[in-house]
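*Asks:* Work the whole structure out from these sequences, hints included.
These protein sequences, in sequence, are chains A and B.
The numbering of the first sequence is my numbering, which starts it at 12 and goes up by one.
The numbering of the second sequence is my numbering, which starts it at 12 and goes up by one.
You may find that some hints are simply not true.
No distinction is drawn between identical chains; accordingly, a pair holds when it is met within one copy or between any pair of copies.
As the list claims (entries may be wrong) - Straight line, CA to CA, 30 Å or less: simulated DSSO-like cross-link-like pairs of lysine-lysine:
#1 Lys70 <-> Lys176
#2 Lys144 <-> Lys276
#3 Lys144 <-> Lys17
#4 Lys176 <-> Lys276
#5 Lys17 <-> Lys70
#6 Lys21 <-> Lys70
#7 Lys144 <-> Lys21
#8 Lys144 <-> Lys176
#9 Lys21 <-> Lys276
#10 Lys17 <-> Lys276
#11 Lys276 <-> Lys70
In short, the hints are calculated from the structure, not lab data.
Here are the chains, one letter per residue:
Number of protein chains: 2
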Amino acid sequence: MAYTIKDVAKRAGVGIATVSRVLNESPNVLPETRARVLAVIDELGYRPNHAARQLVTAKTNAIAIILPFLTRPFFIEVLRGIESVVANSDYQLIIFNVDSPEQRTRYFNTLPFLGRTDGLLIVSLPLAPPEIKRLQAANLPAVMIDTQASNLPSVVVDNVGGAFKAVEHLISQGHQRIGFISGQLEPDLGFTVNRDRQRGYEAALTAHHLPVQAEYLRAGFDRRDWGHQAALELLDLAEPPSAIFAANDDLAFGVIDALRERGLKAGEDLAVVGYDDLEMAQLIGLTTIHQPMEQMGRKGAEVLLAALNEGTRRPTLHTLAVSLIERASSAKPSKA
Amino acid sequence: MAYTIKDVAKRAGVGIATVSRVLNESPNVLPETRARVLAVIDELGYRPNHAARQLVTAKTNAIAIILPFLTRPFFIEVLRGIESVVANSDYQLIIFNVDSPEQRTRYFNTLPFLGRTDGLLIVSLPLAPPEIKRLQAANLPAVMIDTQASNLPSVVVDNVGGAFKAVEHLISQGHQRIGFISGQLEPDLGFTVNRDRQRGYEAALTAHHLPVQAEYLRAGFDRRDWGHQAALELLDLAEPPSAIFAANDDLAFGVIDALRERGLKAGEDLAVVGYDDLEMAQLIGLTTIHQPMEQMGRKGAEVLLAALNEGTRRPTLHTLAVSLIERASSAKPSKA
DNA sequence: ATGAGCCATGGAAACGTTTTCAGAGCATCT
DNA sequence: AGATGCTCTGAAAACGTTTCCATGGCTCAT
Chain A
12 MAYTIKDVAK RAGVGIATVS RVLNESPNVL PETRARVLAV IDELGYRPNH AARQLVTAKT
72 NAIAIILPFL TRPFFIEVLR GIESVVANSD YQLIIFNVDS PEQRTRYFNT LPFLGRTDGL
132 LIVSLPLAPP EIKRLQAANL PAVMIDTQAS NLPSVVVDNV GGAFKAVEHL ISQGHQRIGF
192 ISGQLEPDLG FTVNRDRQRG YEAALTAHHL PVQAEYLRAG FDRRDWGHQA ALELLDLAEP
252 PSAIFAANDD LAFGVIDALR ERGLKAGEDL AVVGYDDLEM AQLIGLTTIH QPMEQMGRKG
312 AEVLLAALNE GTRRPTLHTL AVSLIERASS AKPSKA
Chain B
12 MAYTIKDVAK RAGVGIATVS RVLNESPNVL PETRARVLAV IDELGYRPNH AARQLVTAKT
72 NAIAIILPFL TRPFFIEVLR GIESVVANSD YQLIIFNVDS PEQRTRYFNT LPFLGRTDGL
132 LIVSLPLAPP EIKRLQAANL PAVMIDTQAS NLPSVVVDNV GGAFKAVEHL ISQGHQRIGF
192 ISGQLEPDLG FTVNRDRQRG YEAALTAHHL PVQAEYLRAG FDRRDWGHQA ALELLDLAEP
252 PSAIFAANDD LAFGVIDALR ERGLKAGEDL AVVGYDDLEM AQLIGLTTIH QPMEQMGRKG
312 AEVLLAALNE GTRRPTLHTL AVSLIERASS AKPSKA
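*Replies:* As structure tokens, this is what we get:
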């Protein structure tokens, strides 16, 4: 068995309370005593038992992050941002991946993190009011990233504004017929990205006195093959669009795939703009909206740590800016 | 404050031991008693305190995963595999990201997971014998993924064999002059992938009676821009190779980039083969070696869980197979 | 010289569980 | 009828900390 505080105390010839004081850097310990205790700790390789400490302090020194689709680049980047901040604190990071609505409700019903974590980072998953209530009842500080809850601190990006920028860019290039391809507008897990970006798309058209045409709107799935299929559908219209705005880069890749299949080229025969600015976008030369994904993670983690350490707990809303990255896929069209 | 087991006991008119028995599904409890206790638990919304439970059982119900470069696709896929297995157990997953040698040594010296986790999954990071000793001294079951330690269970892929396959494929396409681009052969964190794949490259050449030419070997960094630069260097040789094997897909993307810059096309002017089979590889049409990344994670997690639940602790070695995925980038060359 | 106040220290309670142990009740066997 | 054994139960010990409280020694002002 591992050594306990008693072993240290005995060996150092002091009481366990003194050892505890040394451990917790309490002042009132004679330097000489402290040195002796530290020497023994070092000699025995003693390490305080976490569980015992947790039991009495009621602190876990861990925070949980709940995110969907661990595998998608967006979430990875966010995770990376979070990790970079948390690694420099003395908190540990527990991961919960949620891929299905069932898992989601299971998590928020059983709250398996309760008592195992001091705080929560919730990425992209919108919470229902009763769920928020339950968190607050449990006195568990939470920060939302990429979703918003009115009574919780939230870190978001302006999806409507970003989409607006994307479409406005296309319009400024002379495009009048602009298609929009997105994933589900009302997905199982309640994401609002697609809806928000569609709103931005429509707002930009309207602001420039262009009509919003139903046949140019293609909401399907958040998968590349849907981007592919939807692009083909748009190309086959009697009057096909001269530009396509895809609600995320992955869909845009599908679009580019479809173009290639038809012997067409993005940026020459049809302008394409994506959203996310994944690493791949640069390689492919895709014009897109850059989201500060890692920064979102960092900011969220910082807000949570501040709440934990200083007790700051105001539900502030942090909105991060997005920017347009111009690349070859939206060069000026040959035929306006 | 939250309710404790005492509150439940009092309210149900039983002793705390009985509540504990109900909680732990011990047999010897009268069905009627059990029902009464469960009713009270439900009524109060009682949840057992983790720390207290841990303290007495000396079990944390958490496992830690230690991996480098959380951001690279390879590790993400492995992580996803791990997560998918762990999510179905009642363990939780704590993440430690290690990006620098300093962090690495810090982690393995302080062992911050000690007492917070029941087991360890170590991805790609080779351990020095004293480090392994320390883990075993702490009685902490560990499984290595994508590295190997003689006295710990390990899940690996055959990097030498995979590289062999890749190069043999190029040779079978008629190539005689084959370049090899890789990251550092002796990187800071001690990965051996690059070295292993180089060995496979050399073995394949030798097996087919082709010379290993030093000027065709380019070891640099695990970054796309190195692939780019090294490819240019190879192209500028007096007698440039007709094919390039890149030690990972990312490097291969850099190669393709360089070709494009010179107005050349992979698969037509020069054959390119990568390694990893990232999602992007498919999009780009890169011939590559498919690694079962997610499966590695799953397997590793399964082995660890088995060790935890059943006490199986033999240091078995699990070698997973890799396969060649032929795509356009290694079509038959026009001029052999 | 004496009391007030401070500092360093140790003993013991408390945290909320699990688990050991002993006992009560009851049926079964001799 | 008494011994035996089984099932269910509760009291109490144990886990390893932190923290409260008491105490003894010391300094310093009176």
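*Asks:* Give a verdict on every hint.
*Replies:* Each hint tested on the structure:
1. Lys70 <-> Lys176: neither (45 Å within a copy, 53 Å between copies)
2. Lys144 <-> Lys276: neither (51 Å within a copy, 58 Å between copies)
3. Lys144 <-> Lys17: between (43 Å within a copy, 26 Å between copies)
4. Lys176 <-> Lys276: within (23 Å within a copy, 34 Å between copies)
5. Lys17 <-> Lys70: both (22 Å within a copy, 21 Å between copies)
6. Lys21 <-> Lys70: Cα proximity of Lys21 and Lys70: in one copy and across copies (27 Å, 27 Å).
7. Lys144 <-> Lys21: Cα proximity of Lys144 and Lys21: across copies only (28 Å, versus 48 Å in one copy).
8. Lys144 <-> Lys176: neither (36 Å within a copy, 57 Å between copies)
9. Lys21 <-> Lys276: The answer is neither: 78 Å in one copy and 75 Å across copies each exceed 30 Å.
10. Lys17 <-> Lys276: neither (74 Å within a copy, 71 Å between copies)
11. Lys276 <-> Lys70: For Lys276 and Lys70, neither the intra-copy (57 Å) nor the inter-copy (59 Å) Cα distance is at most 30 Å.
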